[in-house]
Amino acid sequence: MNQNIHTYISYYRGKGAMDMIKNINSLTNLLSLSLYKEILKKALPSFFI
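Using full-length UniProt numbering, read the sequence shown as starting at 1 and increasing by one per residue.
If you're looking for bench data, these hints aren't it; they were derived computationally from the structure.
Certain hints may be false.
[As the list claims (entries may be wrong)] Ranges between beta-carbon positions, derived for each pair:
#  : residue 1 : residue 2 : range
1  : Lys-42    : Ser-10    : 40 to 50 angstroms
2  : Met-18    : Leu-40    : 25 to 35 angstroms
3  : Gln-3     : Ile-39    : 43 to 53 angstroms
4  : Thr-7     : Ala-43    : 37 to 47 angstroms
5  : His-6     : Lys-42    : 26 to 36 angstroms
6  : His-6     : Tyr-36    : 30 to 40 angstroms
7  : Ser-10    : Leu-31    : 25 to 35 angstroms
8  : His-6     : Thr-28    : 27 to 37 angstroms
9  : Ile-5     : Ser-32    : 24 to 34 angstroms
10 : Ile-5     : Lys-41    : 38 to 48 angstroms
11 : Ser-26    : His-6     : 22 to 32 angstroms
12 : Thr-7     : Leu-40    : 43 to 53 angstroms
13 : Lys-37    : Asn-4     : 39 to 49 angstroms
Given the structure is predicted, the values throughout are model-derived calculations rather than measurements.
For glycine and all other residues, C-beta sits at the position ideal for the given N, C-alpha and C.
Let's have the full structure, built from the sequences with the hints guiding it.
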């Protein structure tokens, strides 16, 4: 059982983690772009008053 867990962890430390990070990045980039636009619309006017 421990060996399976170790293999699982080292897989996600390797290629699996990179694939996950790429997928998460592409999702969060889409989300954060719209979020940043909303945040900037609200935040920037208060900075420049």
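Structure-based check of all given hints:
{"no.": "1", "hint": "Lys-42 to Ser-10: 40 to 50 angstroms", "in the structure": "holds (43 angstroms)"}
{"no.": "2", "hint": "Met-18 to Leu-40: 25 to 35 angstroms", "in the structure": "holds (30 angstroms)"}
{"no.": "3", "hint": "Gln-3 to Ile-39: 43 to 53 angstroms", "in the structure": "holds (46 angstroms)"}
{"no.": "4", "hint": "Thr-7 to Ala-43: 37 to 47 angstroms", "in the structure": "holds (46 angstroms)"}
{"no.": "5", "hint": "His-6 to Lys-42: 26 to 36 angstroms", "in the structure": "violated (47 angstroms)"}
{"no.": "6", "hint": "His-6 to Tyr-36: 30 to 40 angstroms", "in the structure": "holds (39 angstroms)"}
{"no.": "7", "hint": "Ser-10 to Leu-31: 25 to 35 angstroms", "in the structure": "holds (30 angstroms)"}
{"no.": "8", "hint": "His-6 to Thr-28: 27 to 37 angstroms", "in the structure": "holds (29 angstroms)"}
{"no.": "9", "hint": "Ile-5 to Ser-32: 24 to 34 angstroms", "in the structure": "holds (32 angstroms)"}
{"no.": "10", "hint": "Ile-5 to Lys-41: 38 to 48 angstroms", "in the structure": "holds (46 angstroms)"}
{"no.": "11", "hint": "Ser-26 to His-6: 22 to 32 angstroms", "in the structure": "holds (29 angstroms)"}
{"no.": "12", "hint": "Thr-7 to Leu-40: 43 to 53 angstroms", "in the structure": "holds (44 angstroms)"}
{"no.": "13", "hint": "Lys-37 to Asn-4: 39 to 49 angstroms", "in the structure": "holds (44 angstroms)"}
When held up to the earlier numbered hints, the structure conflicts with hint 5 and nothing else.
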